[in-house]
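Protein chains in written order, with my numbering: chain A, 1 to 228; chain B, 1001 to 1146.
Note that these hints are calculated values from the structure, not bench results. Predicted model, so just to flag it, every value in this text is computed and none were measured. Treat the hints with care, since some could be wrong.
[To be verified] One-sided excerpt, in silico: chain A residues whose CB lies under 8 Å from chain B: (1) I118; (2) L119; (3) V121; (4) A125; (5) F131; (6) C132; (7) K133; (8) K136; (9) P152; (10) P154; (11) R160; (12) V161; (13) G168.
From the three backbone atoms N, C-alpha and C, an ideal C-beta is built for every residue, glycine too.
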Amino acid sequence: MSSCPSCGHTGQPIEHLRKHYRVGVCANCGTALVIGFDGGANQAATAPSIPPTTDTDAYQLTPTGPHAVVGSRGTASESRARASQEKQLRKILIICGSDELDAALTSVVSDAEREADILSVADSANGIEVFCKMVKGEHKPKLVLIDDDAGPIPSQDVARVIRLVEAGLDENRTPLLIVGRPDEAQAVKAVLGALGNARFVNKGHDAALDDQARRLLMLVDKILKRSK
Amino acid sequence: MARRHILLASPEAKSPGAELAFKQLSDTVSVMPAEDGLTCVRQFMELAQTGVGPLVTIIDYHTTEISGPSLAHALRSMERGFGLTPSAIVMRCEASDREAVAALIPNLGRAVQLTKKPAYTEEQQMKRLVKACEKVLVQLKGRGKR
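Just chain A, same shape as in the assembly (with noise of 0.2 Å):
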């Protein structure tokens, strides 16, 4: 009787039958010792397979024993639902300090029923706080869409301003889309062109709110669409 190679345990290997195979493990470490092909002679006696022995030392996992496989699996499908719950979490993040343009937004929002897809701020300062706070917490917005009209800080400072958070933090660049007049149009796209991932359009005064809502919407689906 050769002794097992794991532990050098020398007494004799317990028999498990499986549909074609006997399988022979140590009965101090569960290592598999002997494998045998049966071509199925054995399937009538494959259902009582549990060790014929007392000997609970017999059931402690050992690390590369048979039953490590396990263990991997569940780890696998964890993260898989935490990447997916993480997924949920994240938002379009949407700065907009025009009050009817946000009505107009949050209407179409609620007309698509995507409320829990979108987080609205209105004000360019509260903007960065809750962008640091959504990347702090790992949850980094899907787009940022900020309104020209949105308080103390100019759309492009916000824009650069996020985007040093994102090398600071070595974070991804999040897609950006500013929303502006067609006079400052040039100056921004001249910041945008630098920054990477960004776009500017034009707010088109002349359209009704919610069609202009819609447009930006459409965008942003597009956007994130192409960024995937």
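We have chain A already, so just place chain B on it with the hints.
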């Protein structure tokens, strides 16, 4: 004793005069010079990652890349976002911007205005700024010694 920092956002931040003037300050406080707004935010992020923000932030009203008022608001937002203690802000300005800065200060909180004296040389301006910083540090009641 942990070393604390003063962020200096000014076009003259890296001048030899500034370096010399700030050497007079406490040994436990070191100055991080930033010639423009973007560098200032970058340096703020470096400090934020250590979990301790700057003790004092000196901002010129006319910083380049990001203007002084925007920079001050952005830094306050980042402090709130990252849960850092608000730094004392010293907003430097020319006499012509005095009223605009006076209106801005109450919105920032824990901030003070320092109007440059038109007759002073750059060296004298820096010495005056260092004195103002010393006074601010005294008001912070030993936060620099933590």
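Evaluated hints:
1. Residue-level restraint check for I118 (chain A) is violated (minimum Cβ-Cβ distance to chain B is 19 Å; threshold 8 Å).
2. The beta carbon of L119 (chain A) comes no nearer than 14 Å to any beta carbon in chain B, farther than 8 Å, and the hint placing it at the interface is violated.
3. Interface hint at V121 (chain A): violated, since its Cβ lies 11 Å from the closest Cβ of chain B, which is beyond the 8 Å cut-off.
4. A distance limit of 8 Å between C-beta atoms decides the matter here; for A125 (chain A) the minimum to chain B is near 5 Å, and the interface restraint holds.
5. The interface hint given for F131 (chain A) holds, since its Cβ lies 7 Å from the closest Cβ of chain B, which is under the 8 Å cut-off.
6. Residue-level restraint check for C132 (chain A) holds (minimum Cβ-Cβ distance to chain B is 2 Å; threshold 8 Å).
7. At about 5 Å, the closest approach between the beta carbon of K133 (chain A) and any beta carbon in chain B falls short of 8 Å, and the interface hint on this residue holds.
8. Among the interface hints, the one on K136 (chain A) holds; its C-beta lies about 6 Å from the nearest C-beta in chain B, closer than the 8 Å criterion.
9. Restraint check, P152 (chain A) versus chain B: the minimum CB separation of about 5 Å is within 8 Å; hint holds.
10. With its C-beta approaching chain B no nearer than about 6 Å, P154 (chain A) sits inside the 8 Å limit, and its interface hint holds.
11. With its C-beta approaching chain B no nearer than about 6 Å, R160 (chain A) sits inside the 8 Å limit, and its interface hint holds.
12. Hint status for V161 (chain A): holds, given a least beta-carbon distance of 5 Å to chain B, under 8 Å.
13. At a threshold of 8 Å, the smallest CB-CB gap from G168 (chain A) to chain B is about 3 Å, leaving the interface hint in force.
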